[in-house]
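Peer 1: Protein chains in written order, with our numbering: chain B, 1 to 466; chain P, 1 to 226.
In case anyone wonders, no lab produced these hints; they're calculated from the structure.
Wrong hints could be hidden among the right ones.
[Said to hold, decoys possible] Below, a list of computed lysine to aspartate or glutamate pairs in the DMTMM-like style, where the Cα atoms sit at most 20 Å apart:
| hint | chain 1 | residue 1 | chain 2 | residue 2 |
| --- | --- | --- | --- | --- |
| 1 | B | K338 | B | D351 |
| 2 | P | K201 | P | E223 |
| 3 | P | K141 | P | E94 |
| 4 | B | K242 | P | D203 |
| 5 | B | K106 | B | D127 |
| 6 | B | K152 | B | D127 |
| 7 | P | K57 | P | E35 |
| 8 | B | K372 | B | D401 |
| 9 | P | K57 | B | D87 |
| 10 | B | K106 | B | E88 |
| 11 | B | K392 | B | E443 |
| 12 | B | K260 | P | E223 |
| 13 | B | K260 | P | E105 |
| 14 | P | K57 | P | E94 |
| 15 | B | K106 | B | D87 |
| 16 | B | K118 | B | E54 |
| 17 | B | K242 | P | E22 |
| 18 | P | K57 | B | E35 |
| 19 | B | K242 | P | D83 |
| 20 | P | K201 | P | D181 |
| 21 | B | K242 | B | D305 |
| 22 | B | K392 | B | E323 |
| 23 | B | K260 | P | E35 |
| 24 | B | K152 | B | E326 |
Residues per chain are reported as follows:
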Amino acid sequence: MRPLALTWRLSLLMGLATAISITVICAIVYRETRELYYNQTDRGLAALAQAADEVADTADPATLSARLNVLFPTRSRRATAVVRVWDEADGSVAHAVPASGIDWDKTLSATSRPGDGKSHIFTFWADGQEYRGIWLRPGGGHRSIVIAQGTKPVELELRELLRNLLWIGAAVVGAMVGVVVLLVHVGLRPIHVASGRLREIDVRNLAAPGPGPGEVVAELSPFVDSLRQMLERLQGAMRRQKAFIADASHELRTPVTAAKSTIQTTLGLPRSAEEYRQSLAEALEDLRRMEHLVDELLLLARLDDSAAVANHEPVAIDRLLGELAEAFGPRVAESGSKLVCSLAPANVAGDASQLTRMLSNLLDNALRYGPKGGAIHLTTRSSDGRVVIVVKDEGGRIPADAIPRLFERFFRVDGSRTSSTGGTGLGLAIAREIAQRHDGSIEITSDPASGTQVIVTLPTDSRADN
Amino acid sequence: MRVLVIEDEARVARNVARFLREQASYAVDVSGDGEDGLHMAATNPYDLIILDLMLPKIDGWTLLRRLREAENDTPVLVLTARDATEDIVRGLEEGGDDYLTKPFEMLVLAARCKALIRRAHGRAAPLLRVGPLEINTSARKVMLLGKPVLLHAMEYRLLEYLAMRAGETVSKTDLLEHLYDFGTENFSNVIEVYISSLRRKLDAGPTHKLIHTVRGVGYMLAEVPP
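Next up, chain P with everything else stripped away, as it sits in the complex (with noise of 0.2 Å):
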């Protein structure tokens, strides 16, 4: 999952990165004012972004006003001090999915972040399961066939993006664009790197194959081969 931060306040935008990264597996780019925080939502598929109100150069609502007019439809909770109800009513209204004022509970930031991305793809549930294998999105833990399996953080957000569009084949660039933020470094065969990994570490025998290759396209992640 890949996140936006637009926030000016270059302090609370840093640790909401650095939070949502290690706390939720996220790749998490932060932009600190409207113009380049519109740019970069409308140039990049975000899962979710986080939007400040009060912004030098354009002001959220009038981004988040914009990004919806561009049909963009990528869940936007609103991070603002503005606690007013004229404010959060403005503020859902114009587009926003959550409201959220600071000052916040960053664990209560990242539960918003889980739910609104887990909605966005059409799941209610924080415990998504494919075949033998459960992950626990909330727990960020891994089960396979009842054993827990331990998973490196690029693994874990690898596999858990999968788990959400399981049944769906997923191009690499998706994976790439989903799971890497502009400040990580990745190389060219990173993604056949972590998949085969994820592979060995999720095997469960030749009949519960679990991640698949469609050739050419990408990957997908189900019980049974496409």
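Pulled out of the complex, with its shape left as it was, chain B reads as follows (with noise of 0.2 Å):
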């Protein structure tokens, strides 16, 4: 369940984000407020001590108290600011309200006396509640005036502010979770979708369709091109072993085939000694050409499962090609051509049973498949750090579009699928593979002036430069 675990990665990192932003911003906006709340009880409570240092422009004590009386009534229900005004000079009090519940010498004593015509803001405890007050010196007398209020109210009001922006900013958290699980479902269903339509590919079946191009989000579609290319190469590949196991059984059974209605024919009637033998080595070489397609395909299996040659000693082709020829000569005196060969030095390196096998096959397919009678030329020479190896026959020429498919496995130019010539079809694939393994490459010219070649270059050996 990989995609579910990526919405939770995605959800958590997502929820986790928004929760840090809402936090940083509440705060701030907590802090913002807080302080602008303070500010404006502050200024409040300069404005009022403002207003009691006006009224208590007199000396006479009667007519301060009131003047406060008006300004700051003690008997009112609703006050809630703290009001003290005395004179510093004898203590006596002008004006307090609440009468009395506050401790005026500790609270004072708690805090710094501001200087003359000066006042300061400071806070403190009274009566189980917080308190902001103001200290005001008018100066000029002895006078002292402090205003204060219960922080109470603001601070609940605080507290309000917060508990709202807490169910906001976990709301949001909320929502932004939910958004991310909506986007990643729908981000990843193209994926589901082709994921589905995979489902469906087997190596029966490769050809089952792939999503559209119209149901793969842009996003997606160079992943989806890919494997869409990946399944035509396997789909290619697929083919091809297909048809090669179709062709390999047939050559396979064509020898067996006829191995088999040779011996059961022979049974079927008593023979003559002579007729015995006759078919026994007629059975023979049926036997002897399966083996020979089998080692082919062995040989064949073989250098596919590997990529490169495993083996680098020098090898002299020239030598190689001479000692073939020589090897060769009582099938090419029964055919009645004969071998020309212009053999320079030619060193590569690589594996020689490989190398022979596959010089041996192009000599092979040129007896096979030239004219009887006609010349074959076996040439080697050496440029430029490559060795070159021409096989070159007087046969006719070969049709054009035949020539790329000749190097197929079990192709044959007829179409037919029988050995009327006794090849077995792999000699040329088998070739290519050698000369492919030894980092060389192989071609095939034909038309009737010069016959038919086949080219192998290969690299030459750099340690048998010398």
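Dock the two chains into a complex; use the hints.
Peer 2: If you want it as structure tokens, here you go:
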């Protein structure tokens, strides 16, 4: 369930990021609001203190008390402000709201006394709640004024604000997580669709339809395209493999069929010793054909298995070809052909037995498909770090469209699958595999004027240069 | 019965021909490629064609299609190494009557040939009966009034063909075309010679004359004369 895990990972990440930003924003909002509230409170206190100072410009204590009582009524139920106006010289209190309940000596001694004509804001605890107060000393006298207000309402407001902020923050985080889950789900849906389609694809049915171009979002189309290309390559490989197996089984069955039919027919009636001998010889010949085919198939399988040649011994191609020409002597003589060798030193590094196989396949082809009694030219030369081997016969033209297919396994120019010429149809395929495994190449040209020539190019053995 | 084997693997073709001659008493012609095979099939009245699919020049499927397009009804047994389902289906759907994959058993091939030829003559039973005469086409045994009759290969071939078409008048040309392949020498009165030797061997008394001469037309194998 990988897509789900991705959903949760993204949600968690997004939730966390949102929570952190929301927290920071809330903290800033809370702090600013709190400061705003307190500034406002402080300005209010200052204004009240100013007003108190203005009404207090009388020496008569009774008038003072009456004026202050108008401003700060002692009996008001709704009084929220704490007020104390007193004379510092004699300690007489001109006005106090509330009249008692606050230990002023203790409260005032806990804060610093402002200078003449100065004031300062301070907080204090009294009566079980926090107060914010301003202490004004107007100067020019001994009067001191303290106006204070309980912070409880402000703090309650702030707490309410904080609660609201937390709710909003949680809702935003929740909404973000929801959006992420939805986005991931929607974003991954094309992958689910594609993988559903891919599930229909198996070895037997590589051609199952992948998602159509309209079904795939732009971001996914390179992925889907490469999948489609991979499937096409696999399909091609499977098709070639299937064709190869069909061809191989046909080729293997042909000699089995021949040998079996010979033996069963011979056993059908009593025969003379000569007829039995003839039948056994024919069956043996078919067995040899099969043996040869099995050999070539196994060699091809082994060549398919390894990408490069394991062996890198020095091989003198000219000498190898000379030896092969000698070994083919009897067959050449039998067909009335002749070999014309022009072998300049040509050294390569590689697997001698594989190279021998390649050269003997080419020689065998020239003998098999070249005209009887014609000349077969074997040429080697080396130049520019390359060794060039040419095997040329005087055979007629191979159709141009057949030339690239000559190296396909079991391909035959005449289209029939049987070996009227005796070849397995694998010789050139093997030759090419071997050439390629030696970092070389092989090509065929054919025209009626110069005959058919096979040209193998291999890299020169650098160690044998001098 | 005369069979055409179209098979480019010369040794297999030769063995099939030999086996069918020896073990089924058929006349057999062999063709090594599709073009020649199609020509032979179109110009000779074969009782059965054994056809390989991978042939030079014209492949087996094409040959089969062209044969059927030309309204040739000869039974065709496809004999090939191609054993893929689609090959078998295609082989039969192009007009093949049977399909046998290589490598095969010669006895199975011969048995299928016999069955196809039987069916082509509208018969299911391998035992042909004409009055007191019984011909077992599977074992190639002939019984007259419950007693075995020993026949030469050519005599059996002639009798089997007449028995397949029992009650019908069979022309001398038909006999020559269905009993001889290109490899066998024949001479002008060869049919008369074998007819007379068959009559001698199948003599069940004057009331049981079985081989009748239809003057100017040919011969008929029947319990009662035409």
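Peer 1: I'd like to know which numbered hints this structure contradicts. Please list them from smallest to largest.
Peer 2: Hints 1, 3, 4, 8, 9, 12, 17, 18, 20, 23, 24 not satisfied by this model.
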